[in-house]
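Undergrad: One letter stands for each residue in the lines below.
Number of protein chains: 2
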Amino acid sequence: MSKIKNIKFITKKYSYKKPFHIANSFATGATNVEVEIETEEGIKGFGEASPSWRVCGETSDSVVSLLNKAKSILNGKDIERYSLIFKEMSSFIFSPSLVTAIEFAVIDALCKKNGIRVWKFLGGNKNEIETDKTVSISSVDDMVTDSIKIKREGFNIIKIKTGENLSKDIEVIEEIYRKTKGLRYIVDANTGYTPKEAICFAKKIYSKGIDISVFEQPVNRYDIESLKLVRFNSPFPVCADESVKTKYDALNLIKKEAVDYINIKLMKSGFSQALSIIELALSSNIKLMIGCMSESSVGINQSVHLACGRGVFDFCDLDSHLLIKEDKIRGDFVQNKNIIRVKP
Amino acid sequence: MSKIKNIKFITKKYSYKKPFHIANSFATGATNVEVEIETEEGIKGFGEASPSWRVCGETSDSVVSLLNKAKSILNGKDIERYSLIFKEMSSFIFSPSLVTAIEFAVIDALCKKNGIRVWKFLGGNKNEIETDKTVSISSVDDMVTDSIKIKREGFNIIKIKTGENLSKDIEVIEEIYRKTKGLRYIVDANTGYTPKEAICFAKKIYSKGIDISVFEQPVNRYDIESLKLVRFNSPFPVCADESVKTKYDALNLIKKEAVDYINIKLMKSGFSQALSIIELALSSNIKLMIGCMSESSVGINQSVHLACGRGVFDFCDLDSHLLIKEDKIRGDFVQNKNIIRVKP
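Chain order of the listed sequences is L and D. One rule links them: number in my numbering = place in the first sequence (from 1) + 1318. One rule links them: number in my numbering = place in the second sequence (from 1) + 1318.
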């Protein structure tokens, strides 16, 4: 038995190295909440919540406001009975980022207690993953310059943000393709297109002989019918991001045959529901990618261990710690360019 | 790292204490195959396959015939990378009982290596479960006598086999109810009814004021439309058993809204797919029960640890080890009447 004796929340502010501009959203920084749980024997587990106002309606203040609730529910709970803790966490309906931070901290502490590495506890599928790097929205020239730089840094996959201007987006993709041939591309419209714009985008890009590996969240998050329309009219695989937070969202998309891919982000679903979504996807021939909000290396660590443990993600978009200013990497992994490897 | 160095299959024959008669099937004994894996450090893990010819087309001979295949795939594999082993096991398409025995043996060895109890590795939800006990088909008098005996033995839930004779089945349920009032009942027709018979059965029993907790597999396993018809016309929850072997079967039933319950049996799905089916059911408000084939206590142990670890089963039908002649209980649990408790 290993009872939780204390829970701490620590708020940390980060600035982006460069303002992060996606369709209809612009960020210069992020405030995350680190969670530390400690057991009676003094074992500590760590997690990080990176709340997303845009996607989940959470803020760092709303996360912090739940500290007393978290303490009242978790203090005295045995981390070895982690499924009971996961069940309790399902009541934190509007704070999935906090759910992840707490659930991961519990698993982290449990694994430390038992001398197991988290990624091995989760299945030990692989000890390294490849991540893409993201180009946020700016001028065509800036986006091309950023892409060339990303290629030079050693990345093989570029995620390109679009969704504010169809004709400019098509130009951007063409130019980036011309200057970085040989790479793979994920295009993320962050809900920015109408269904017809999205189909037009996909068909035009396809007609130019450019391959897009994943076309992410082309349309409104609640418009599942249009997501399906785009899927059935796009030569490229269509992925839901904003449309999938919970496992119930995932099941609904599966029932409606609306997507080829689901982008799991621990900050949208919670950790235990991410495990559920993986099983749903693998049971229905839906492919998976894993993404992030504005996690520091502490939060990215959570996704890295999940991705290595389960080995089920075709694409990993785990680059937020590279886009913010962070004094030192505190994750339990080593990064070499595009490769993230869990420590042995 | 803990590499598998050897795998042994041991065939064991068991007799039923009393012939086991269900709709259109009659058994006097069972032949199971125990699996022992051993790592290079000498850690051993144990599992048991109880193949079902009727449900899965497996025999003990067909299981044993796969020994060389299992060795060629598993020898040298690291049990700490268990997700890779689970992935390999998915190629044993026609031998789910063997998949379970091997997958569980791997988890058993992994947990021994790390000094964790299997049920805690799986979530540690509860340390005991309640099982029902089964009355197989015979004369009305015999079935009533068996039910009274089961009640005297301390069981609160009786599973009653039906499906061969509608009018006699209704009489049996009435008589058992009259003589064992206060208990709960699961009725299992094992695919024996036509859809109209099944609906007639449910409505007649309901009209007599008798409550059935679960109405299991009323109709043909492949006739999902009829399963749905029964579900929508039965006052009692309808459960799929023979209709669900794989996670793909489970998803199909969920999409078609065909059932209220799924009966997971490790011998139908394999261990890792049972974990998937749990997530599918919990994402779609389907309830779960866990059942068995003809496992000895070695095989029942597998389901006990899953049921305690996850804590998601509304009903546990884990009684085959009580119905066969077994010299001693070898499972890692203690049974007191209807309560099965994992050892501390």
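Keep in mind that the hints were calculated from the coordinates and are not lab data. It is possible that part of the hints are untrue.
Each pair may be met inside one copy or between any two copies, as identical chains are not told apart.
To be verified - Pairs of lysine to any residue, SDA-like flavour, derived with a Cα cap of 20 Å: (1) Lys1573 - Glu1543; (2) Lys1497 - Thr1512; (3) Lys1486 - Phe1344; (4) Lys1444 - Asn1393; (5) Lys1331 - Thr1349; (6) Lys1444 - Ser1320; (7) Lys1323 - Lys1431; (8) Lys1323 - Asn1483; (9) Lys1661 - Ser1401; (10) Lys1661 - Arg1435; (11) Lys1605 - Leu1593; (12) Lys1573 - Ile1542; (13) Lys1331 - Ser1383.
Undergrad: Now tell me, hint by hint, if it's right for this structure.
TA: Here is what the structure says about each hint:
For a Cα distance limit of 20 Å, the shortest separation of Lys1573 from Glu1543 qualifies both inside one copy, at 12 Å, and across copies, at 17 Å. When the C-alpha separation of Lys1497 and Thr1512 is checked against a cutoff of 20 Å, the pair qualifies neither within a copy, at 28 Å, nor between copies, at 66 Å. Taking CA atoms no more than 20 Å apart as the test, Lys1486 paired with Phe1344 passes inside one copy only; the shortest distance there is 18 Å, against 72 Å between copies. Proximity of Lys1444 and Asn1393 under a CA criterion of 20 Å is satisfied inter-copy only: 19 Å between copies versus 34 Å inside one chain copy.
With identical chains, the CA atoms of Lys1331 and Thr1349 are at most 20 Å apart within one copy only, with a shortest distance of 4 Å there and 63 Å across copies. Taking identical chains as interchangeable, the C-alpha atoms of Lys1444 and Ser1320 lie at most 20 Å apart only when they sit on different chains, with a minimum of 15 Å there against 29 Å within one chain. Taking identical chains as interchangeable, the C-alpha atoms of Lys1323 and Lys1431 lie at most 20 Å apart only when both belong to the same chain, with a minimum of 15 Å there against 28 Å between chains. Neither within a single protomer nor between protomers do Lys1323 and Asn1483 lie at most 20 Å apart by alpha-carbon distance, with minima of 52 Å and 60 Å respectively.
Taking CA atoms no more than 20 Å apart as the test, Lys1661 paired with Ser1401 passes between copies only; the shortest distance there is 18 Å, against 26 Å inside one copy. Taking the closest pair of Cα atoms, Lys1661 and Arg1435 come within 20 Å of each other only inside a single copy of the chain (9 Å); across copies the shortest separation is 26 Å, beyond that limit. In this assembly of identical chains, the alpha carbons of Lys1605 and Leu1593 lie at most 20 Å apart whether taken from the same copy (14 Å) or from different copies (19 Å). In the homo-oligomer, the alpha carbons of Lys1573 and Ile1542 lie at most 20 Å apart both inside one protomer (11 Å) and across protomers (16 Å), since each shortest distance falls under that limit.
Proximity of Lys1331 to Ser1383 under the C-alpha cut-off of 20 Å is restricted to the intra-copy arrangement: shortest distance 17 Å within a copy versus 61 Å between copies.
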